[in-house]
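Just so you know, the sequences run in chain order G and P. Numbered per our numbering, the first sequence spans residues 1 to 116. Numbered per our numbering, the second sequence spans residues 1001 to 1111.
Please note that the accuracy of each hint is not assured.
Listed below are several chain P residues computed to face chain G (Cβ distance under 10 Å; list not exhaustive) [as the list claims (entries may be wrong)]: (1) SER1007; (2) SER1042; (3) ARG1043; (4) TYR1054; (5) GLN1057; (6) LYS1073; (7) GLY1085; (8) THR1103; (9) PHE1110.
Here are the simulated lysine-lysine pairs, DSSO-like style, with alpha carbons at most 27 Å apart [to be verified]: (10) LYS1098(P) <-> LYS57(G); (11) LYS44(G) <-> LYS57(G); (12) LYS1078(P) <-> LYS1055(P); (13) LYS1055(P) <-> LYS1070(P); (14) LYS1073(P) <-> LYS44(G); (15) LYS1098(P) <-> LYS1070(P); (16) LYS1078(P) <-> LYS9(G); (17) LYS14(G) <-> LYS57(G); (18) LYS1078(P) <-> LYS1098(P); (19) LYS14(G) <-> LYS44(G); (20) LYS44(G) <-> LYS1070(P); (21) LYS1070(P) <-> LYS14(G); (22) LYS9(G) <-> LYS57(G); (23) LYS1073(P) <-> LYS1098(P); (24) LYS44(G) <-> LYS9(G); (25) LYS57(G) <-> LYS1055(P); (26) LYS1073(P) <-> LYS1055(P); (27) LYS1055(P) <-> LYS1098(P).
Here are some chain G residues the structure puts well away from chain P; computed CB gaps all over 12 Å [claimed, not checked]: (28) PRO8; (29) MET19; (30) GLN37; (31) MET41; (32) LEU43; (33) LYS44; (34) LEU45; (35) GLY53; (36) GLY63; (37) THR70; (38) ASP73; (39) VAL88; (40) ALA92.
The set of hints was computed from the structure by calculation and includes no laboratory data. Ideal placement from N, C-alpha and C gives every residue a C-beta, glycine not left out.
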Amino acid sequence: NAGVTQTPKFRILKIGQSMTLQCAQDMNHNYMYWYRQDPGMGLKLIYYSVGAGITDKGEVPNGYNVSRSTTEDFPLRLELAAPSQTSVYFCASSYSILAGGYNEQFFGPGTRLTVL
Amino acid sequence: AQTVTQSQPEMSVQEAETVTLSCTYDTSESDYYLFWYKQPPSRQMILVIRQEAYKQQNATENRFSVNFQKAAKSFSLKISDSQLGDAAMYFCAYNTDKLIFGTGTRLQVFP
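Please model the entire structure based on the sequences and the hints provided.
Encoded structure:
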């Protein structure tokens, strides 16, 4: 299993540009998450999904959009990039709590995004 | 709303010694999970140890153990026999349906 994969690893954007951060998991997890980590800080939840076709906002959703058309993929879209979105972005996945698991989240390697 | 507080931005320990990282949280829930994650310079988030709130027994994973005080809402991590490879950022996290992270503690390990 590849686990959780993210592309790209690094990206530099100009203000106002758009891009999509890709995330995929091959563990058949129904929960998926997007976090951002600003320098010297912990992770903050942007959006999450409890299954294909279902998404919900986290703590810091402004400026982002997500979709979940399949169990495996959970892309994060930045429509109008701003310097405040310079951060490291992590995707994660887990089993549902309803399945009796610990809801341990498995993280991807992260994408470092710089907006200039 | 649930919050997680790590009051130690940085800690240091001598190799082979023991260090304890502090974490407190605030919640009105009675059933939840708590985690410690390690983030080395590679940025990869690695689960170190987990604790279920309904279990009174403190979790242990090899050199890592926790002191879970539910009434005090405290969840500290003890690292015994510290190794150079333990140097990293450590994040405490609270979980029901979503993970809420603390701001982290940077652990330095000196030879």
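Comparing the hints with the structure gives:
{"no.": "1", "hint": "SER1007", "result": "13 Å, violated"}
{"no.": "2", "hint": "SER1042", "result": "8 Å, holds"}
{"no.": "3", "hint": "ARG1043", "result": "5 Å, holds"}
{"no.": "4", "hint": "TYR1054", "result": "12 Å, violated"}
{"no.": "5", "hint": "GLN1057", "result": "15 Å, violated"}
{"no.": "6", "hint": "LYS1073", "result": "17 Å, violated"}
{"no.": "7", "hint": "GLY1085", "result": "19 Å, violated"}
{"no.": "8", "hint": "THR1103", "result": "5 Å, holds"}
{"no.": "9", "hint": "PHE1110", "result": "21 Å, violated"}
{"no.": "10", "hint": "LYS1098(P) <-> LYS57(G)", "result": "11 Å, holds"}
{"no.": "11", "hint": "LYS44(G) <-> LYS57(G)", "result": "11 Å, holds"}
{"no.": "12", "hint": "LYS1078(P) <-> LYS1055(P)", "result": "18 Å, holds"}
{"no.": "13", "hint": "LYS1055(P) <-> LYS1070(P)", "result": "10 Å, holds"}
{"no.": "14", "hint": "LYS1073(P) <-> LYS44(G)", "result": "21 Å, holds"}
{"no.": "15", "hint": "LYS1098(P) <-> LYS1070(P)", "result": "19 Å, holds"}
{"no.": "16", "hint": "LYS1078(P) <-> LYS9(G)", "result": "33 Å, violated"}
{"no.": "17", "hint": "LYS14(G) <-> LYS57(G)", "result": "25 Å, holds"}
{"no.": "18", "hint": "LYS1078(P) <-> LYS1098(P)", "result": "25 Å, holds"}
{"no.": "19", "hint": "LYS14(G) <-> LYS44(G)", "result": "23 Å, holds"}
{"no.": "20", "hint": "LYS44(G) <-> LYS1070(P)", "result": "24 Å, holds"}
{"no.": "21", "hint": "LYS1070(P) <-> LYS14(G)", "result": "47 Å, violated"}
{"no.": "22", "hint": "LYS9(G) <-> LYS57(G)", "result": "24 Å, holds"}
{"no.": "23", "hint": "LYS1073(P) <-> LYS1098(P)", "result": "18 Å, holds"}
{"no.": "24", "hint": "LYS44(G) <-> LYS9(G)", "result": "19 Å, holds"}
{"no.": "25", "hint": "LYS57(G) <-> LYS1055(P)", "result": "31 Å, violated"}
{"no.": "26", "hint": "LYS1073(P) <-> LYS1055(P)", "result": "14 Å, holds"}
{"no.": "27", "hint": "LYS1055(P) <-> LYS1098(P)", "result": "20 Å, holds"}
{"no.": "28", "hint": "PRO8", "result": "14 Å, holds"}
{"no.": "29", "hint": "MET19", "result": "19 Å, holds"}
{"no.": "30", "hint": "GLN37", "result": "8 Å, violated"}
{"no.": "31", "hint": "MET41", "result": "6 Å, violated"}
{"no.": "32", "hint": "LEU43", "result": "5 Å, violated"}
{"no.": "33", "hint": "LYS44", "result": "7 Å, violated"}
{"no.": "34", "hint": "LEU45", "result": "6 Å, violated"}
{"no.": "35", "hint": "GLY53", "result": "18 Å, holds"}
{"no.": "36", "hint": "GLY63", "result": "19 Å, holds"}
{"no.": "37", "hint": "THR70", "result": "21 Å, holds"}
{"no.": "38", "hint": "ASP73", "result": "20 Å, holds"}
{"no.": "39", "hint": "VAL88", "result": "6 Å, violated"}
{"no.": "40", "hint": "ALA92", "result": "8 Å, violated"}
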